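Visitor: Here the protein sequences line up with chains A and B, keeping their order. Taken in order, the first sequence gives residues 2 to 318; the numbers are from this note's numbering. Taken in order, the second sequence gives residues -19 to 279; the numbers are from this note's numbering.
If you're looking for bench data, these hints aren't it; they were derived computationally from the structure. All figures in this text were calculated on a predicted structure; none of them were measured in a lab. Take the hints with a grain of salt, since some may be wrong.
[Unchecked claim] Covered stretches of chain B (chain A as the covering partner; in silico rule of three or more C-beta atoms under 8 Å from a C-beta of chain A): (1) 12 to 19; (2) 53 to 60; (3) 69 to 82; (4) 190 to 198.
Every residue gets a Cβ at the ideal spot worked out from N, C-alpha and C, and that includes glycine.
Chain by chain, the residues:
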Amino acid sequence: MKAAIRPQSSMSRRSGSLIPDKFRLFLFASPFLVLILLFSYFPLYGWLYSFYNYRPGFPLSETPFVGLQWFKAIFSNPTQTQEVMRVMRNTLAMSTLGILTSVFPVIFAIMLTEIRTTWYKKTVQVLTTLPNFISWVLVYSIAFMMFSVDSGVVNKWMIALGFQEMGINYLAQDDHTWLAMTLWGLWKGLGWGAIMYIAAISSIDQEQYDAAKVDGAGRFRMIWHITVPGLMPTYFVLLLLSIANFINNGMEQFFVFQNAINKDHIEVLDLYVYNTGMLGFNFSFATAISMLKSIISIVLLFFANQLSKIVRGESII
Amino acid sequence: MHTQRRLGDWLFHICNYGFFTLFTLLCLFPFYYLFINTISSNDLSARGLVTLYPKMIHFDNYIQVLQLKGLAQAALVSGGRTIIGTLLTVAASAFLGYLFTKHKMWARSFWYRFVIITMYFNAGIIPWYIIMMKLNMTNNFWAYILPAVVSPFYVILVKTFVESIPDVLEESAEMDGAGYIVIFSKIIMPLITPIAATIAIFSAVSQWNSFIDTVFLMTNSKLFTLQFVLYKYLNESTSLAAIIRNSQGAVGNIDLTNKQTATSIRTTVSMIVILPILFVYPFFQRYFVKGIMIGAVKG
C-alpha cells in the first residue's frame, strides 16, 4: 500500500532532491558525529605520547622515541613503583569504602518509606537531595568555612562544649582522610542515591504487605522478607556499575580537598596523573598511567557486564 | 504482648523521625550558615561569632563583592556557558536522538553505537588534554561548550522517548511533504518537551557546576568561571589579601565593621555560586527525579 502511494520513497521524497533519504539522514547527523569523533575518539591518538619522551612545546617528531620505557618504569623504578602502589592503595581503599557505604541509600529509602507523614517525607526528600546539585568546590567551601580554625562553627562549638582546648585544623590533617572523603561523599549523595530505591519500593505490590500483615508479620519481618528482596535487582545493577568504575573514582572531590598534609592518602589515580603530568611536566609517564587506567577500566566493565549476564541474564551496557 | 509491640512501634518512630530530622538539618545547616555569615557584620563573622542567627544585618557584601576585579567577568563566563551550552546540548541531543529513530539512516546501528560507547570509555585525562591543546581548545571559550554538545546519555533518553510516540503523526506530516527538519521542529519538539526540560535542567546544572575543565584548559583569567574563582579565593589567601587591599580604595569609605575580609569574600562568593541552584531547585526538583527514573529504566 505504502509503496503505491509513495513510489520513490526509497530514493527521495521531495522532488528536486538528489540525495537519497538514508544519506540525507546521515548528513544531518554528521556534524554531531564529528564532534564525538574529535572529543571522544581523537584523544586515543594522545596515547602515542606515552611511547615518547615528550616535553610540552616540542612537536612529537622532534622528541625521542623511547618505546615502553615509561611502562617499564612503573615496575622497575623503585620510587615510581612505590608511588604507583600508594596511589593504587588510595584508589582501591576509597572505592571499597564507596561500595561498603552503598547500602546506606538502601537503608535510607526503607526507613523513609516507613514514615507516614507525607509532608514530612517530602520535605526530607527535597532537602536531602539538595547537596547533590552543588559542585565539589562548593562542598569544599562549606567545609572550609565550617571547619576553619579560628572562625569556623565546628571549632567554636567543640571548644564551647569542652571537647577541645583550642581550634583544630580539621582539613589539614591526614589521620582519617579516606573516611573523611567517604563521609563527604555520603553527605552529598545519600539523599539522591535513595531516590531510585524509594521509587523501587513504591512499585512493590502492596498486596504482599497486606497478606503478610494478616499472617501477623511485624514491621521488620516485612522489611526483611518483602522490601529487601524487592530492592535487590536495583541494588545489584548499581553494585555492578560501581565494580565497573572501581578505579574510576573521579578527581574533582580529591582535587579540591587535597593539601600538602593529606596528599599521601588523598591522591587517587586521576589526581596523581594530573599532579605528575600537568604540574610535574612528566607528560609521557602520566599518559602511560592514564592509558593503563583506561584499559583496566574497560576490562572491569566487561567483567561486570559478563557477571550481569550470568546472574541476571541481561547486560548492563 | 500488645502493649509491648506498641511501645516498640513508638520507639521505632521516634528513632526514625529523629534520624531524618537530624540528617535533614545536617544537609540544610551549611547553606544557612553561609547565608547568615554573608549578611552579618563582617567583623563578627570573621571572628566566628555568627553561628546560629545573623547579627547586625546588612547587604553590602553582595554589592561590594560583585565589584571585585574579575568577579563580574567570571559570572558572565559561568552564565554564558550555562545558557549557550544548555541550548546547544538540548537542541543537539534532541535532534540526534530523533535522527537515530529513523531506521532508514545509513549504517544507523553502527553510528548509534559509535556515540553510546563513549559513555563507557575515555582515553584518559592527559591524552584528552593533549588533544584539546592540538584542537586549539586551551584558553578558548568554546572548550566549555563543544565537548558537551553531544551527550550520549541524553541521546538515549530522547531516542527512547521518541520511539514511544505513535508513528501516525509523523507519517501524516511526511505525506504532506514535510522534510525531517520540519517534522522535527514542528511535530517532535513540542511532543518531547518533558524530556527536553529534564535534559535542560541536568545540562544547566552540570555546566554551572563544572570546574575541572577550567583547571586543565584555561590560564587566561578572562575565561575563569565562578567555581574556579571561588576555588582560588579559598586557596590563595595572599592573592585574596591583595584583592581586599585594592577594593578598599575603590568602594570608598565604609563603616569599618563591614569592610571586606577574607571570610566575607569567601562566603559571599560561595553564596553567589549557590544561589542560582537554590533558586531553580524547588521548581525543577521533580524533573531531577524524573530524569534519574528514566535513566534507571534504560540503565
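Visitor: Which of the numbered hints are not met once you compare them with the structure shown?
Guide: 2
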